[in-house]
Amino acid sequence: MPLWWPLLLASLLFAIGVYGVLVRRNAVLVLMGVELMLNAVNINMVAFDAHLRAALHAGQTFTLFIIVIAAAEIGLALAIVLLVFRSHGHIEVDRLRALADRDEPATEETGR
Amino acid sequence: MTTILQVLFVLLGLVAVGSALLVVTTANLVHAALWLVVSLGAVAGVFLLLAAEFVAWVQVLIYVGAVVVLLLFALMLTRAPTGRQPELSTRRSVPAAVVAVLVAALLGTTVVAGFRGARIDLQHAQVGTPQVVGGALFRTWVLPFEVLSVLLLAALVGAIVLSRLRAERGGAD
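Same order as they appear, the protein sequences are chains E and B. Numbered according to the numbering used here, the first sequence spans residues 1 to 112. Numbered according to the numbering used here, the second sequence spans residues 113 to 285.
Isolated chain B, as found in the complex:
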């Protein structure tokens, strides 16, 4: 039985895999970041199809919004050349491709063999609206949530310390 959801899922999956392949193979730094936007957006669409509405919008906001902008900032600040660069990949691309194909084969056969009969009942799935996810987050998972806020604070302090280190060394030179 083929439904519209399954067709949409296959299309989004093809977009995600194809643009991810372009992320790791393109010879242009900025194009890699822009293809990453396409890939992460397709993954957000997959989240929407799998009844995770709030997660999909968080994916769009944080990944497509913040993380890719940070990556583009890093590319600009490291004075990345904008043209094509044939030297972006190492000469070890053949062994790396072999390793990647082996990883894909191992994981793919494992999940297909392990969950061949299982199905996702999307008709009766509870959609993860902000209300539902927020209830689960602040009733059951509130302690990991607080630990995560401490982690974010530590990462913030670490980033500030690292950039101050840079400023001091730059001033000393």
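The following block holds chain E by itself, in its conformation from the complex:
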């Protein structure tokens, strides 16, 4: 099998994940886009492991590490999402503008 087949599949999945992160409003759907991007990286790792036939199996081992990190990330992110829902009543990321970078700064407060 040519090596670029899985690499191209990973590129496409990564781009789809980028689209999902950029376009979705619901925070849980944004997290799904992040999961797609992490999976694309995993395909790269496994493909290069099979291509190089490394004796240490670094590709497959680091794929396992990435899966564990993704699980930890999704647990924390969902705790934050539930907290945001509790305090705001919605989880639409483009309406959560409390920390947004605004054009007019509060000059009275920041001037001191």
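Bear in mind the hints are in silico, worked out from the structure with no lab data behind them. All figures in this text were calculated on a predicted structure; none of them were measured in a lab. Ideal placement from N, C-alpha and C gives every residue a C-beta, glycine not left out. Heads up, a few of these hints could be off.
From chain E, some residues computed to sit far from chain B (all C-beta separations above 12 Å) [to be verified]: (1) Pro-2; (2) Leu-99; (3) Ala-100; (4) Asp-101; (5) Arg-102; (6) Asp-103.
Computed, partial: chain E to chain B, Cβ under 7 Å [stated by the list, open to error]: (7) Val-18; (8) His-51; (9) Ala-54.
Following the hints, put chain B in place on chain E, whose structure we already have.
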């Protein structure tokens, strides 16, 4: 030379890409999570074809089993409506699509141009059985493994602290 493995790989890749597209475009929240199951399952099949047997089963167990169930829990706990919702995507979908197409074009041309001649010899590849991966994990990569366990502990404590914060604030209101 077209082998059965290559045909299977193309089919699984098409399933993965198609269901991933449905994940990011469907107007139904729960359907997005279920299409994510299909996409991650197809990726697990790709792992199996690429001689990473243990990684494929871990993918099925943790991603399809745990992560998607967590996502569905979050959708339910945030009282997600189950019907169709036209407002799920922002109005910036055209620039986002342009960015995504540019990312795909850049990464795709880079990997195709860089690795056009390289091949994966699947006939002689060492299958990543649990024995092989476990040996590599606990002989060579045992220190990152331990660091990762500390990371998992920190994430666990962080999630518990965040949910306690919610409970205290809820009690105070």
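For this session: Beyond 12 Å from every chain B Cβ: check whether that's true for Asp-101/E.
Result: The assertion about Asp-101/E holds, with a minimum of 17 Å to chain B.
Exercise. Going by Cβ atoms only, is Ala-54/E closer than 7 Å to chain B?
Worked result: Because about 9 Å separates Ala-54/E from the closest Cβ in chain B, which is outside the 7 Å limit, the hint is violated.
Exercise. Does Leu-99/E sit more than 12 Å from chain B, CB to CB?
Worked result: Label holds. Min Cβ-Cβ 17 Å, cutoff 12 Å.
Exercise. Was the hint right that Val-18/E lines chain B, CB cutoff 7 Å?
Worked result: With a minimum Cβ separation of about 5 Å from chain B (threshold 7 Å), the hint on Val-18/E holds.
Problem set entry | Non-interface label on Asp-103/E, tested against every C-beta of chain B at 12 Å | holds, 19 Å
Problem set entry | 12 Å Cβ clearance of Pro-2/E from chain B | Violated, because the least Cβ-Cβ distance between Pro-2/E and chain B comes to about 6 Å, which does not exceed 12 Å.
Problem set entry | Beyond 12 Å from every chain B Cβ - status for Arg-102/E | It holds; Arg-102/E is separated from chain B by about 19 Å at its closest Cβ, greater than 12 Å.
Problem set entry | Hinted contact His-51/E with chain B - closest CB pair below 7 Å | holds, 5 Å
Problem set entry | Interface-negative label, Ala-100/E against chain B, beta-carbon threshold 12 Å | holds, 15 Å
The structure is inconsistent with the numbered hints 1 and 9, although it conforms to all the rest.
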